[in-house]
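Participant: With the sequences and hints as input, model every part of the structure.
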Amino acid sequence: MIKSLQKEGMGVSFAAMTNNYRIYDFNSLLVIESLVEKIDFFEISDSSIILREVMEKREFPSLIFDFTRVVAIDSSAFGFLLETRNEIRKYGRDLAIVCQDRDVLHVMGMLKVKQVIPVFQTIDAAASYLTGIKSDS
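Position one of the sequence shown corresponds to residue 162 (the working numbering), numbered consecutively onward.
Worth double-checking, as some hints may not be accurate.
The calculated lysine-lysine pairs, modelled on DSBU-like cross-linking and capped at a C-alpha distance of 30 Å, are [said to hold, decoys possible]:
hint	residue 1	residue 2
1	Lys273	Lys251
2	Lys199	Lys275
3	Lys218	Lys199
4	Lys218	Lys275
5	Lys218	Lys251
6	Lys251	Lys275
7	Lys199	Lys273
These aren't lab readings, by the way, just hints derived from the structure by calculation.
Facilitator: Okay, structure coming up:
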């Protein structure tokens with residue numbers, strides 16, 4: 162279930178919440194912030210339908226997946242991210258990941274995720290990257 166929230170200021174004009182994600186606008190980008198520490202097959206299976214609905218409702222905007230809280234992740238989550246990336250690229254958009262956990266970054270490196278999806282330490286850095294792409298288009 163998605164709970165709608167509205168916030169003013171700081172570039173936030175849309176916000177919603179699921180049990181596992183906070184979803185909000187930031188500088189014309191959609192941020193999907195994980196509220197859970199572990200993203201695995203079971204979690205992504207439960208959440209992917211809701212996340213897809215939000216993306217579709219927003220006409221597939223450029224996205225930031227904020228995994229700042231995540232300390233464990235498996236390959237099924239990266240499958241979802243790659244599928245999402247491919248879908249939003251059809252609309253001329255892109256996505257970035259924010260992650261700081263060494264173990265998660267190591268898994269991303271082993272799976273070569275960083276070669277196809279840029280990974281940043283902060284939301285601001287990811288937003289700068291994505292808005293730079295948009296202004297270059």
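Participant: Within a Cα-Cα threshold of 30 Å, do Lys199 and Lys273 meet the stated pairing?
Facilitator: holds, 20 Å
Participant: Would you mind confirming whether the straight-line C-alpha gap from Lys199 to Lys275 stays at or under 30 Å?
Facilitator: Measuring from Cα to Cα gives roughly 19 Å; hence the hint holds.
Participant: Holds or violated: Lys251 with Lys275, Cα cutoff 30 Å?
Facilitator: holds, 20 Å
Participant: Given the hinted pair Lys273 and Lys251, is their Cα-Cα distance within 30 Å?
Facilitator: Roughly 22 Å between the alpha carbons, so the hint for Lys273 and Lys251 holds.
Participant: Would you check the hint for Lys218 and Lys199, treating anything up to 30 Å between C-alpha atoms as holding?
Facilitator: Answer holds: Lys218 to Lys199 is near 26 Å, not above 30 Å.
Participant: Would you mind confirming whether the straight-line C-alpha gap from Lys218 to Lys251 stays at or under 30 Å?
Facilitator: Satisfied, since the Cα-Cα distance of roughly 15 Å is no more than 30 Å.
Participant: CA of Lys218 to CA of Lys275, is that 30 Å or under?
Facilitator: Measuring from Cα to Cα gives roughly 27 Å; hence the hint holds.
Consistency with the previously given hints is maintained throughout, with no hint failing.
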